[in-house]
Amino acid sequence: MKRCITSALGVAGLLVLFGHAALAQATATDPSAAANVYVDAPHNWQMWFTTAGSPMMVKIDWLMELVLWIMAGVVGFVGVLMVYVFIRFRAGRNKVPSTVTHNTLIEVIWIVVPTLLLAVIVIPSINLIYYEADDSNPYLTINVTGHQWYWEYSYPGVQGGLDYTSYMIPDNQIQPGEIRRLSVDHPMVVPAGEKIKFVITSADVLHAFYLPSLGMQRYAIPGTNLTQWTIIPKVGTYYGQCNQICGVGHDAMPIEIKAVPLADYLNWVKYAQANYQ
Amino acid sequence: MTATTHDHSDHLHEAHHQKGFVERWLMSTNHKDIGTLYITMGVIGACVGGVLSVIMRQQLMYPHNDIITSGAAWNAIITAHGLIMIFWFVMPALIGGFGNWFVPMMIGAPDMAFPRLNNMSFWFLAAGFVFVMIGLLLGDGAGAGWTLYPPLDNAQYSPGMATDFSLFSLHLAGISSLLGAINFIATILNMRAPGMTMHKMPLFCWAILVTAFLLLLAIPVLAGAVTMLIMDRNFGTSFFEPSGGGDPVLFQHLFWFFGHPEVYIMILPAFGIISHVVSTFSRKPIFGYLGMAYAMVVIGFVGFIVWAHHMFVSAISTDSKVYFEVATLVIAVPTGIKIFSWIATMWGGSIEFKTPMLWAVGFIFLFVIGGATGVVLANAGLDQELHNNYFLIAHFHYVLSMGAAFAVFAGFYYWIGKMAGHPYPEFWGKVHFWTFFIGVNLTFFPMHFLGLAGMPRRYPDYADAFAGWNYVSSIGSIISAVSTLVFFYVLYAVFTSKESLADNYWGEGATTLEWAVPSPAPHHTFEDVPVIR
Chain A
40 MKRCITSALG VAGLLVLFGH AALAQATATD PSAAANVYVD APHNWQMWFT TAGSPMMVKI
100 DWLMELVLWI MAGVVGFVGV LMVYVFIRFR AGRNKVPSTV THNTLIEVIW IVVPTLLLAV
160 IVIPSINLIY YEADDSNPYL TINVTGHQWY WEYSYPGVQG GLDYTSYMIP DNQIQPGEIR
220 RLSVDHPMVV PAGEKIKFVI TSADVLHAFY LPSLGMQRYA IPGTNLTQWT IIPKVGTYYG
280 QCNQICGVGH DAMPIEIKAV PLADYLNWVK YAQANYQ
Chain B
169 MTATTHDHSD HLHEAHHQKG FVERWLMSTN HKDIGTLYIT MGVIGACVGG VLSVIMRQQL
229 MYPHNDIITS GAAWNAIITA HGLIMIFWFV MPALIGGFGN WFVPMMIGAP DMAFPRLNNM
289 SFWFLAAGFV FVMIGLLLGD GAGAGWTLYP PLDNAQYSPG MATDFSLFSL HLAGISSLLG
349 AINFIATILN MRAPGMTMHK MPLFCWAILV TAFLLLLAIP VLAGAVTMLI MDRNFGTSFF
409 EPSGGGDPVL FQHLFWFFGH PEVYIMILPA FGIISHVVST FSRKPIFGYL GMAYAMVVIG
469 FVGFIVWAHH MFVSAISTDS KVYFEVATLV IAVPTGIKIF SWIATMWGGS IEFKTPMLWA
529 VGFIFLFVIG GATGVVLANA GLDQELHNNY FLIAHFHYVL SMGAAFAVFA GFYYWIGKMA
589 GHPYPEFWGK VHFWTFFIGV NLTFFPMHFL GLAGMPRRYP DYADAFAGWN YVSSIGSIIS
649 AVSTLVFFYV LYAVFTSKES LADNYWGEGA TTLEWAVPSP APHHTFEDVP VIR
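In order, the protein sequence lines correspond to chains A and B. Heads up: the first sequence is residues 40 to 316, going by the numbering used here. Heads up: the second sequence is residues 169 to 701, going by the numbering used here.
Do not take every clue at face value.
Under the rule of at most 30 Å between Cα atoms (straight-line distance), these lysine-lysine pairs were calculated in the DSS-like manner [as the list claims (entries may be wrong)]: (1) A:Lys134 with B:Lys368; (2) A:Lys134 with B:Lys598; (3) A:Lys134 with B:Lys522; (4) A:Lys236 with A:Lys134; (5) B:Lys598 with B:Lys522.
The following label-pair restraints were derived from C-beta to C-beta distances [as the list claims (entries may be wrong)]: (6) A:Met86 with B:Thr664: 43 to 51 Å; (7) A:His82 with B:Ile643: 48 to 56 Å; (8) A:Asn176 with B:Gln226: 31 to 39 Å; (9) A:Met86 with B:Tyr657: 48 to 56 Å; (10) B:Phe472 with A:Thr143: 27 to 35 Å; (11) B:Phe189 with A:Tyr206: 41 to 49 Å.
No lab work stands behind these hints: they were computed from the structure. The C-beta atom is built at its ideal place from N, Cα and C for all residues, glycine as well.
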């Protein structure tokens, strides 16, 4: 399956090179095909995050590991204590129960130690909140609008404007190289390595703009603009899905983002203006 | 009815024998009969909610499955599953059921403070169940999820009466809870036997008292939010309509101002039951009684000031995120006090692993796992990744499907002899525990992996990459369903048993007042007021 994808992508990559040579024929090939060389999607039996595609996701992954290791320690400690108690103090072995019901020292310890553990978590955690909130100085702003049941992307900053819709490819029209339930007809295309700001809203009900491999999620709320940002250093294709119940098509409005080199992105804008709108 | 009754209650037995079925069960003012009605409601709710969950897991067993072909049907099922499990299983079983049965007995009161009000609160709940079932079955069904977020459930996007029925079902369940809460508060504060000071009161009564205050403060907020939704749907207001100057985010605040205390409303009574079971089967008094009682009070209080942690990816300011994250993490401390105090209660004890104790220690360990993932989810920065995905589903099923539900079963096996007068079959009780333990862990542990991989909740179909763990999870749900059949055999065995039980069939470890009355507890207890030393 994977090999099949890569070879199909190789061909597409070649086509892109030709696309460069003949800029005038922008309609001939999709200049975003460079992103097909690397696909960052979940795989079966996965037990951890999908490969981090953004610096934000790297930080989320790090904090998640920290918190989970601490909590695994707590769960393990409680588990060991319980097993010890079950063996040592079972009725067959300890016939006369003790009558101790207080021990001030130990009661203070089990208040203070958890508090200290929480303090260890809370400092990097608060730093992460402020890091995630810093959407200043983006290279590009994209307006994302949720609809029942598709996404609308608009690039207010590009010359001539660009506004198009992105629908899931129905199950019965999936082509080789596409992923069922994740691939879309018109992906969002962004320049790799640049800071992108998303301004997210909805035209009808609540949706959520959720990209697990980039560590991004915001509700799309009618009447409200929420922001989110990312940088995608690696040229490739990244996937997400709507994550707030929005009616009967809730599971049928995925998100596909292609990060491409800046030159390809600029070509793609012209291509999309000609073909997507 | 067995002949093992005390002298003073003989004439009362006659009195209750004279009542016909309708008078006894439909017009009851007796806390035990009403408790039985609540437990029956809980069993019915658990069956309906459980069948819905098995249908959901069957659909999710394979990608591109076709058991449920309509998205509307799917959404109606997930909505009803959530509402029914919360309002018609966990709450009636723990609060209305065990609370009604045992709070008056534990404090040495003859009945609840307001017996007719008690009857009324049950029948409001029963009517609510009819409404929520209509909401599930009428037309396309109510399909906005149990969180009911507008605009999805406004008149434009959820036309039809089904959503109105579901909203009104919450009003009915809410009135029921509110009346019940008032009754419990009045009973516990005013009707304790002489000598039973607040600081001598059993922990289950403390748990119900704190729960009742949470209900009293949270339910009116839900009622307000639901009323505004109904007004938006039917009378042209726009409380939550951006086009009319309203705000969908306001609903989220109101809903979670109720919704987060609701979590503790479901788990505090469970804490109370676990304390009694652990103490009884360790043959030791509870360790750190005052700490245990006030930990629940603190959890109840802090539970009211953390609601927006459900909204970390919604419209919320950065500084608010920091506050709500820190406040949420604080809850881990009093919860830790409870966990460690239970272990300290067992420490040095003489532990017997009868069925109720298995459920109780199962509760403690699985609740710790659910609590650990709760600490993870409290981190606002991580919620961009984890909010609303299967990691969250795993988390709240560990604290509810394993926490609250295990406590329901612990309470059932602990008290069924006192309620029915016959013992349960120990072997089948243990079979029930182990099969359920394996089933629910197999169902919900893989959901952590699905969440880490990024699978969103409330999806009837998913990308093929999520197929493996979904399959394992669905197998687990089949095992849990079979386990529930074992439970029904246990129920059958209890009610067909000819064996009778002593007053205190657990022995010296069981010290609360319900063990001083016969098994089954006579229709009226404490005609003569007991005096607590």
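Hints and how they fare:
1. Taking the CA atoms of A:Lys134 and B:Lys368, the gap is about 27 Å. The hint holds against a cut of 30 Å.
2. Proximity of A:Lys134 to B:Lys598 is assessed by CA-CA distance (about 23 Å); at most 30 Å being required, the pair is judged to hold.
3. Among the hinted pairs, A:Lys134 with B:Lys522 is consistent with the structure: their alpha-carbon atoms are about 16 Å apart, no more than 30 Å.
4. With a CA separation close to 67 Å, the supplied pair A:Lys236 and A:Lys134 exceeds the 30 Å bound.
5. At most 30 Å may separate the alpha-carbon atoms for a hinted pair to count; B:Lys598 and B:Lys522 meet this at roughly 8 Å.
6. A beta carbon spacing of about 47 Å between A:Met86 and B:Thr664 agrees with the range 43 to 51 Å that was offered as a hint.
7. The hinted range of 48 to 56 Å is not satisfied by A:His82 and B:Ile643, whose Cβ atoms lie roughly 21 Å apart.
8. The hinted range of 31 to 39 Å is not satisfied by A:Asn176 and B:Gln226, whose Cβ atoms lie roughly 50 Å apart.
9. At roughly 37 Å, the beta carbons of A:Met86 and B:Tyr657 sit outside the given window of 48 to 56 Å.
10. Roughly 29 Å separates the CB atoms of B:Phe472 and A:Thr143, a value that falls within the hinted 27 to 35 Å.
11. Between B:Phe189 and A:Tyr206 the C-beta distance comes to about 60 Å, which lies outside the given range of 41 to 49 Å.
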